[in-house]
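*Asks:* For reference, the chains in residue letters:
2 protein chains.
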Amino acid sequence: MLEITSLNNPKVKNWLKLKDKKYRDLTNLFLIENDHLINEAKKAQVLQETITTNQNIKADYLVTKEIMHQLSNQKSLPELIAVCQKIPPQPIGDKILVLDNIQDPGNLGTIIRSAVAFSCDTIILSTDSVDLYNEKVIRATEGMLFSINIIRTDLDEFFPTIQDKPILITDVTKGENIKKILPLTKYVLVIGNEGQGVKPQYQKYATHYLKINMHPACESLNAGVASSILLYELNEANHE
Amino acid sequence: MLEITSLNNPKVKNWLKLKDKKYRDLTNLFLIENDHLINEAKKAQVLQETITTNQNIKADYLVTKEIMHQLSNQKSLPELIAVCQKIPPQPIGDKILVLDNIQDPGNLGTIIRSAVAFSCDTIILSTDSVDLYNEKVIRATEGMLFSINIIRTDLDEFFPTIQDKPILITDVTKGENIKKILPLTKYVLVIGNEGQGVKPQYQKYATHYLKINMHPACESLNAGVASSILLYELNEANHE
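The listed protein sequences derive, respectively, from chains L and B.
For any residue, its number in the numbering used here is found by taking its place in the first sequence, counting from 1, and adding 7.
For any residue, its number in the numbering used here is found by taking its place in the second sequence, counting from 1, and adding 7.
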């Protein structure tokens, strides 16, 4: 285990730069800081370096609490954090969730967690969405970002490539209940931005418009909740 | 419109104290800062005072941007904020959601929004849950906290009072699919803490244990998502 005590150590400086999206994009690396997450990263074989403040923990680097304090985003200082490689995108599957300009990190993390729970196999994340490797996104996924194929791409280019799958878009005025079109073995479910919904230029690709029954006092659901309910229904239909 | 320019004005000092739970509990007042929320508060007749930085907006007090900056929790300064009275609890209804030690403000807000959407009429919030009038909770409700009866109480005292309603508790090992017990016109759905679930001493009150079908790669759902899916199913069964 290599010991580092100075905040000016070049290794520490590079780790700190990973808090910045630009540097994560440049290096294809990101930081994680939770035992459960680190285990999931190890299983996914993307763990690159581990860093600890406790000499009894097996890790690549032993650092001071001062350094850990700079690296960590948590109130209570973790004993172990890790540098991971970004997960390379895989070919697109049959059960696809498209996220158009999702901005809230907690929402994106929650949606990824639900997508894994409900057997979705591919997430297409628009280039204007929040960064997948944002610390709050990673935390909200509860490690599930290592269990699903996530592709960040321009939706203008993605939509014209879909040939053989129903495209489902929510619409509170003309939508129908998803149960009417279930079961589906292939689908492209499109979820829009928290405030604006799916962009008008993508609406035309819909083969089905969906609506979730709600009490009139409530105008809309949280984007994470709406996508989770639709993914839940798609998954339930294959259990019946 | 009364004009206030000093941060030392007693009125301003009292408004600032409302950022503290203790003072909110003492005065039964809280701050809100979003036009949609302020409209919902007005409809619910709990709006007490309005405060603006813009002399063209009709409000009770005109303040400086410096004062607004202290009062607001947002990055982009709002032009209007308001002091509201806490909503007095109403008698308990038939469609009850019990929240046992929910800690994340975003989760609590999302759950309140979904509860209104899916026609739940009463939320029983345990005394150890996050404060309902926390600024992040209020924001995540999207104004829906004014549309449902929310009672903060000790669950040790609440559970023994339930006589005539099925009590539903999630349990990933012995749970059954909620569809098997639907439709229900009365229910008590119990949702537990994000990490620990429902406390062992309340488990014994369950008349039914529930489980949501999930892929084995995923251990659990976000608490807001799990409660929203179960409330959705309870509501859907009354639409069919």
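Keep in mind the hints are simulated off the structure, nothing from the lab.
Warning: the hint list may mix true and false statements.
Copies of the same chain look alike in the list, so a pair counts if it works inside one copy or between any two.
Claimed, not checked - Below, simulated SDA-like cross-link-like pairs (lysine to any residue); rule was C-alpha separation at most 20 Å, straight line: (1) Lys181 x Asp67; (2) Lys18 x Asp171; (3) Lys26 x Leu54; (4) Lys49 x Ile169; (5) Lys82 x Gln110; (6) Lys29 x Asn80; (7) Lys20 x Asp135; (8) Lys50 x Lys187; (9) Lys211 x Ser154; (10) Lys193 x Asn108; (11) Lys143 x Thr192; (12) Lys143 x Pro112; (13) Lys49 x Ala224; (14) Lys82 x Gly202; (15) Lys20 x Thr34; (16) Lys49 x Ser154; (17) Lys50 x Glu226; (18) Lys181 x His246; (19) Lys72 x Thr129.
*Asks:* Hint by hint, where does the structure go against what was stated? Just the numbers, ascending.
*Replies:* Failing hints, ascending: 1, 2, 4, 7, 8, 9, 10, 11 and 19.
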